[in-house]
Every structure is written in C-alpha cells, then in structure tokens.
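Go ahead and model the full structure; you've got the sequences and the hints to work with.
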Amino acid sequence: MSDVVIEVENLSKMFYIGASQAEQTSLRTALKQTATAPIERIKRLFRGEGGAGRAISLEEPFWALQDINFRVKQGEVLGVIGHNGAGKSTLLKILSRITPPSTGVARIHGRVGSLLEVGTGFHPELTGRSNIFLNGAVLGMGRQEIIRKFDEIVAFAEVEQFIDTPVKFYSSGMYMRLAFAVAAHLETEILLIDEVLAVGDASFQQKCLAKMDDVTTNEGRTILFVSHFPGAIKALCNRVILLENGYLKMQGTPDEVVDFYLGEIAAPVTEVHIPEDPSIRVQITNAAIEPIYLPDGEEGMLFKCTYHAKQQLDNLLLCVEVFDSRDISIYYSNNDYLSDPRKRQLGTHTVSLVIPSYLFRPGEYKVAFGFWEPGFDYAEHFPEARLKFSRAEPMSRLSRHGVAWPSAIYKPDGWNYLNGSANGVEAPSHEHA
Amino acid sequence: MAEITKPQSSSTTYIEITPPGRLEWPSLRDLYNYRELFYTLTWRDIRVLYKQTIIGAPWAVLQPLIMMAIYTFVFDTLLQVPTTGDVPFPLSIFVALLGWNFFGNGVARAASSIIGNGGLIRKVYFPRILLPFSSIISGLADLIPAFVLAVIFALIYGYPPTLNYLLLPIVLMLLVATTFGWALWLSALNAQYRDVNMAIPLLLQILFWLTPILYPADLLGETWRTFISIFPMTGVVEMFRWAIIGDIAMPPLHLLLISSISAVVFIVGGILYFQRAEKTFVDLV
Chain R
0 MSDVVIEVEN LSKMFYIGAS QAEQTSLRTA LKQTATAPIE RIKRLFRGEG GAGRAISLEE
60 PFWALQDINF RVKQGEVLGV IGHNGAGKST LLKILSRITP PSTGVARIHG RVGSLLEVGT
120 GFHPELTGRS NIFLNGAVLG MGRQEIIRKF DEIVAFAEVE QFIDTPVKFY SSGMYMRLAF
180 AVAAHLETEI LLIDEVLAVG DASFQQKCLA KMDDVTTNEG RTILFVSHFP GAIKALCNRV
240 ILLENGYLKM QGTPDEVVDF YLGEIAAPVT EVHIPEDPSI RVQITNAAIE PIYLPDGEEG
300 MLFKCTYHAK QQLDNLLLCV EVFDSRDISI YYSNNDYLSD PRKRQLGTHT VSLVIPSYLF
360 RPGEYKVAFG FWEPGFDYAE HFPEARLKFS RAEPMSRLSR HGVAWPSAIY KPDGWNYLNG
420 SANGVEAPSH EHA
Chain P
0 MAEITKPQSS STTYIEITPP GRLEWPSLRD LYNYRELFYT LTWRDIRVLY KQTIIGAPWA
60 VLQPLIMMAI YTFVFDTLLQ VPTTGDVPFP LSIFVALLGW NFFGNGVARA ASSIIGNGGL
120 IRKVYFPRIL LPFSSIISGL ADLIPAFVLA VIFALIYGYP PTLNYLLLPI VLMLLVATTF
180 GWALWLSALN AQYRDVNMAI PLLLQILFWL TPILYPADLL GETWRTFISI FPMTGVVEMF
240 RWAIIGDIAM PPLHLLLISS ISAVVFIVGG ILYFQRAEKT FVDLV
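Read top to bottom, the protein sequences are chains R and P. Each residue of the first sequence is one higher than the one before, counting from 0 in numbering that gives the first Met the number 0. Each residue of the second sequence is one higher than the one before, counting from 0 in numbering that gives the first Met the number 0.
The reader is advised that the hints may include incorrect statements.
[To be verified] Sample of chain P residues facing chain R (criterion: CB under 7 Å; computed from the structure): (1) P18; (2) E23; (3) R28; (4) N32; (5) T39.
[To be verified] Restraint-style ranges between C-beta atoms, simulated for each label pair: (6) P:P25 to R:Y416: 56 to 62 Å; (7) P:M172 to R:D66: 44 to 50 Å; (8) P:P18 to R:D258: 31 to 37 Å.
Calculated directly from the structure, the hints in this document are not laboratory data. This one's a predicted model, so the numbers in the text were calculated from it and none came from an experiment. Ideal Cβ positions, reconstructed from N, Cα and C, are used throughout, including at glycine.
Spelled out as structure tokens, the structure:
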C-alpha cells in the first residue's frame with residue numbers, strides 16, 4: 000500500500016496581470032479601451048475564448064508556480080518556505096481547490112481541511128457558536144461531528160466567555176484561535192496551514208505547535224505548513240521545500256533547507272564599487288551601508304557614498320531611495336536642504352546619510368542612489384548598483400506583530416496612557432525608570 | 000505504529016486536482032459530504048430573505064396576494080380576460096403565481112449567488128453548485144405558505160381537493176428542476192459576464208408574458224401553444240392549475256412532454272456548463 004497522500008506533478012499556475020498596469024495608463028487610453036472593449040469581448044466570445052470581464056490588450060501572463068513536483072507521505076509535516084510572492088499561498092490555494100492549476104495535476108488521498116486566512120468561512124454578524132457550526136459545515140464537517148467536538152473546540156480556542164458574542168467583536172487573536180481550533184479538531188486527513196501562527200500570543204503559538212505535533216504523530220494526519228518563520232518550520236516539519244519565484248528551488252531536511260534559505264536572505268550587499276566612466280560629470284565611485292545606533296537607541300542604516308565631481312554641481316542632487324521586497328519605494332531623501340559649501344566644490348567627497356530603518360517593518364530592502372538635476376532631463380543612475388540590507392527582529396516579537404500588517408512603516412512603540420498614572424506595582428513606566 | 004488511529008473514511012476519499020476545461024459531472028460523494036453546508040446556506044438564505052423587514056415572514060403571502068389583486072383589477076375587471084374552464088380569475092391567477100414566483104425569485108436569487116458569496120468562494124473550497132441550489136430551495140419557504148393559502152382559496156371558491164392533488168409532488172419536482180436548470184445557466188453566466196445581471200429582469204419579464212399566467216393557454220392557437228411549451232414554466236403553471244383546481248381539463252400530454260424535455264435539457268446542459276465554469280469563479284468574483 001502506498002502511503003503517499005499528496006502527489007503533485009508538473010503543477011503550474013498562470014495569472015494574468017494587467018489590472019495594475021491598466022490603472023497607470025492615461026485617461027485617453029482608458030476611455031478608448033472602454034469604448035472598444037465590448038466589441039473585442041463579443042468577438043472573443045464568438046471565437047470561444049471566454050473569460051471576458053478582464054481587460055484585453057494589457058494582460059500579461061505571470062507564472063506564480065512553474066513545474067512543481069513533490070510528494071507528501073502520511074503523517075508527515077511538510078514545510079513550505081520562501082519569500083513573499085514565491086508562490087507559497089498559490090500552492091496552498093490550489094491544493095485546497097480554491098483556485099485551479101493551469102497545467103499539471105495534484106492527487107490527494109483524504110479529506111482536506113485548510114486554514115488559509117484569518118476568519119475563513121466566518122460570518123461577522125453571527126456568534127461564535129453559530130460560526131463554529133457554519134465553519135465546520137464549510138470545511139465539510141457534519142453537525143453531529145461538530146456537536147461531539149464542540150466543547151473541545153471552545154476550550155482550545157479559549158473563548159468560553161464570548162461564545163455567544165458576534166465574532167465581529169472578537170479581537171483578531173480570538174478570531175484566529177477559534178478558526179485554528181475548528182480546523183485542528185476536524186477529522187480531516189490533511190491540514191493545510193498558512194501563516195496561522197502569525198497571530199496569537201506566544202503561549203497560544205506554543206499550543207498550536209503542540210496540537211499540530213499531536214495530530215500528526217498520534218492521529219496520523221498530514222500537514223502542509225507554509226511559513227515565513229524559520230523557527231517554526233524547524234520546530235515542526237520533517238521535510239521542507241523552498242519555493243523561489245514560482246520554482247521549487249530545493250527540498251530536504253528542515254536544517255538544510257532553512258539554513259540555505261537564511262544564508263540567501265542574509266547575504267546583504269553592503270558595498271558597491273562603480274567603475275570610472277569619463278562621460279559622467281559626477282562619478283560615484285563607491286557606496287556602502289552599515290548599521291548604526293542612533294542617539295535614542297534605535298537602529299538605523301548609515302549610507303556612505305564617495306563621488307568625484309568633475310564639473311560644477313550647482314543643481315545636482317544626490318538622491319537615495321529605499322525599496323522594499325515588493326519593489327515599492329518607501330523612503331526617499333536628497334541633499335537639497337544640506338547647506339554645506341562642499342556641495343559646490345569640485346573634487347572627491349564622501350557624504351553620509353542616516354536612513355531611519357527602525358521605522359521599516361522587518362524584511363529585505365534595496366537602496367538605490369544617484370545624481371539628479373531638477374528641471375533637466377539629466378540623471379546619473381546606477382541601476383545595477385544596489386545596496387541590500389534586511390531588517391530583522393527577534394522571532395517572538397516578529398510573529399506577534401509585524402508580519403501580518405502590509406504597511407511599510409512599522410513601529411511597535413510610542414504608546415502612552417494620558418490619564419492618571421499606572422497603578423500596578425510591577426509595571427514601571429519609562430518616565431519613572 | 001499499531002496504535003495510530005487513522006481517521007475514518009480515509010481510504011475512500013480521493014481527489015484529483017486538474018486544470019479547468021473538462022466537462023465533468025459533479026461528484027455525488029462530494030455533494031453528500033457537504034450536505035451540512037447546503038442546509039446551512041439554505042437556512043441562511045431563508046433568514047436573510049426577511050431579516051430587517053418589519054412585517055417579516057407574512058411577506059411570503061402578501062406579495063402574491065397584492066399581485067393577485069392588481070392583476071385581477073386590470074385583467075378581470077377592466078379587460079375581462081377569460082380563464083381556463085371559467086375558473087374565477089383571482090383563484091386562477093393566484094394558483095399560477097405559486098409556480099411563477101418560485102421560478103422568478105429563485106432564478107433572480109441564484110443568479111447573484113456566485114457573486115454574492117465571493118468572500119466564501121475566495122477562501123474555501125466547496126461544491127459551488129450548492130450556491131444556486133440553496134438559493135432556489137430557500138424559495139420553498141415562500142411557496143409552502145402560499146400553497147396553503149391557495150388550497151384555502153380553492154375551497155372558498157367551491158373547488159374541494161380532488162385526486163389530482165396526488166400529482167402535486169411530480170409538479171413540484173418539475174418546478175424545482177426547471178428553476179434549477181435556468182438558475183445554473185444564469186448564475187454561471189452572470190459570474191463571467193456581468194451583462195447577464197442587466198438582462199435578467201428583462202428576461203424574466205419576457206418569460207412571464209410568454210407563460211399562460213394571466214391568460215388561458217387555449218386562447219393561443221395550436222402552433223403558439225406548442226411553441227410556448229418550450230418555456231418549461233408553461234407546463235408547470237398549467238399543471239398547478241389542474242392539480243389544485245381539479246375541475247378543469249388536463250393540459251394536453253404532448254405539451255407537458257415538451258415542457259419536461261425542455262426542463263431536462265436545461266438542467267443537464269446547465270450542470271455541465273456550471274461545472275466547467277466553476278473553477279474559474281474564484282478569479283472572477
């Protein structure tokens with residue numbers, strides 16, 4: 000008897016991207032497109048190409064997954080690790096039958112329970128109690144089965160007091176605890192779990208890890224666990240696959256794959272040298288970044304740049320821009336307001352800039368730099384010369400707060416109560432410390 | 000490893016996930032596994048129907064009653080349109096509206112069921128066919144009280160129950176099948192082409208006037224009568240009249256056959272089309 004429960008063969012998934020590009024086109028193009036689109040769509044309809052409702056000409060195929068092959072045995076916990084946009088979530092969505100693959104096949108032996116996003120199948124207006132039944136039904140669980148497990152689910156989720164409160168009043172932590180509890184107590188043979196442990200406090204995370212361990216070793220259930228957190232992957236999984244840009248880059252033991260992955264992301268580019276180019280008026284020869292501690296104890300990045308000015312620099316600005324892993328520009332600065340006579344002097348100079356990276360949420364960043372002349376179509380970019388750094392935080396804090404939020408800026412402190420004074424003895428405030 | 004308690008039914012479930020495009024029949028096992036969800040969705044639809052209304056459930060009978068009053072005034076009092084077998088006009092129309100309202104409201108609700116449940120579709124798998132099905136089945140909550148009222152009306156007008164009542168389950172099945180067939184096509188098409196949403200009220204108007212609700216079918220010539228039998232509600236409406244009122248001629252069998260065949264064609268085609276389209280819903284809603 001084969002004990003392979005998940006078998007993925009040549010699986011690929013293609014999306015059409017184009018919506019974002021469509022937004023960037025001019026109003027004229029948009030109007031023109033709106034006017035001609037119905038005719039185009041009807042033409043396509045008769046040619047049997049279906050799937051209208053999307054923009055026509057701006058669509059570009061994007062492969063979220065390409066030619067993925069792997070197998071999972073019964074009772075195994077397979078970790079899936081990779082950067083944002085590597086295809087992890089798409090893989091889980093295909094395996095839980097939410098979205099179909101474009102090519103290839105996945106064979107699954109057993110019922111699949113999935114926990115993909117906060118509040119999957121929850122209805123905000125209904126109480127916790129009704130939602131357990133609704134959620135159970137959505138996950139393919141019978142009423143009797145839910146009744147049998149009801150108390151266990153409620154106890155595990157630690158929501159006894161609020162079980163008859165509409166879930167819209169729940170905190171995100173309570174929401175997730177309840178969702179995890181329902182999924183974990185379902186008698187499905189396979190559990191697909193996506194970043195669940197990002198929500199909930201440390202003790203609940205421990206409880207989830209213990210429960211996942213329990214369902215695999217004692218109940219013989221199989222888990223596919225997608226995570227950003229190397230710690231959780233190492234603690235829980237028997238085997239790990241690494242996805243990169245839609246490809247399966249590596250599979251192996253948790254230690255080997257996680258270490259490889261960490262080695263890859265932790266390889267920052269701290270210094271670049273740019274070869275001399277005689278046609279450039281202001282030549283940057285060298286740029287570097289290094290971490291520094293700011294006066295208030297926060298950590299920042301110090302950008303240092305050496306350039307050689309061969310001409311007068313009256314209007315030229317030195318610009319620095321930081322992009323996050325989604326290639327969104329989150330920080331920009333130039334030396335316009337710097338009033339230093341050396342700005343206008345010829346010769347070789349070294350300047351520095353403090354980048355307040357403590358404001359950025361944990362992740363990887365690229366630093367671009369160059370000279371730019373306002374009002375003129377002149378710029379000295381060095382597109383191939385990008386500095387790279389990553390901002391990390393202790394795993395405990397990271398998993399509690401940072402990652403779940405999409406904001407570019409993340410600063411957990413800065414909170415204060417303005418009324419009265421803290422009366423707890425064991426809660427010393429910063430002011431009195 | 001002997002102490003490992005394997006979950007039950009593990010050996011029986013097997014899923015193959017493939018790209019869309021094949022013509023597939025829905026898996027009955029899958030549908031059976033998700034029966035709880037079907038009950039939950041249906042019950043939710045029923046509750047949502049009258050939630051936040053002041054009158055609440057009596058709307059189920061108020062709506063056909065008011066429609067009956069208006070149509071009686073215009074078509075009976077003003078225009079003096081005849082009825083099949085000279086049955087009093089209000090009774091004839093109320094009975095006909097039983098089937099029509101189930102069809103019209105059901106199709107309209109089902110058509111928006113895919114888009115309306117986009118949140119659920121994006122997050123979890125379940126057989127999507129449950130959505131249009133539960134939206135039409137929830138229409139039974141309207142049909143049953145209206146049916147009781149129709150029986151009372153028939154009694155008041157002097158048409159006691161006859162053996163024809165025994166045929167009601169078959170009529171009901173034809174009604175549900177017809178509605179489901181149309182609901183499948185329109186809900187799948189609506190998810191893909193939002194134009195359908197614009198066309199549905201118009202389509203229902205056309206079907207309403209093509210169905211012998213406000214006029215007796217025999218008012219039409221033989222050719223026209225055969226033609227309108229293709230719209231399956233014709234058969235259902237005539238059968239409802241015949242089953243409840245009793246004291247009128249049974250609609251010709253070959254016309255009922257046309258209606259039934261049309262219903263079956265719609266439902267089979269609808270299921271295949273829906274199953275083929277369902278995988279793409281998540282990218283469209």
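Here is what the structure says about each hint:
Restraint check, P:P18 versus chain R: the minimum CB separation of about 5 Å is within 7 Å; hint holds. At about 12 Å, the closest approach between the beta carbon of P:E23 and any beta carbon in chain R exceeds 7 Å, and the interface hint on this residue is violated. For P:R28, the interface hint is violated, the least distance from its beta-carbon to any beta-carbon of chain R being 11 Å, above 7 Å. Among the interface hints, the one on P:N32 holds; its C-beta lies about 5 Å from the nearest C-beta in chain R, closer than the 7 Å criterion.
Because the smallest distance between the Cβ of P:T39 and any Cβ of chain R comes to about 5 Å, under 7 Å, the interface hint for this residue holds. For P:P25 and R:Y416, the Cβ-Cβ distance of about 58 Å falls inside the hinted range of 56 to 62 Å, so the restraint holds. For P:M172 paired with R:D66, a C-beta distance near 49 Å keeps the hint of 44 to 50 Å intact. Between P:P18 and R:D258 the C-beta distance comes to about 36 Å, which sits within the given range of 31 to 37 Å.
Hint violations for this structure: numbers 2, 3, all remaining hints satisfied.
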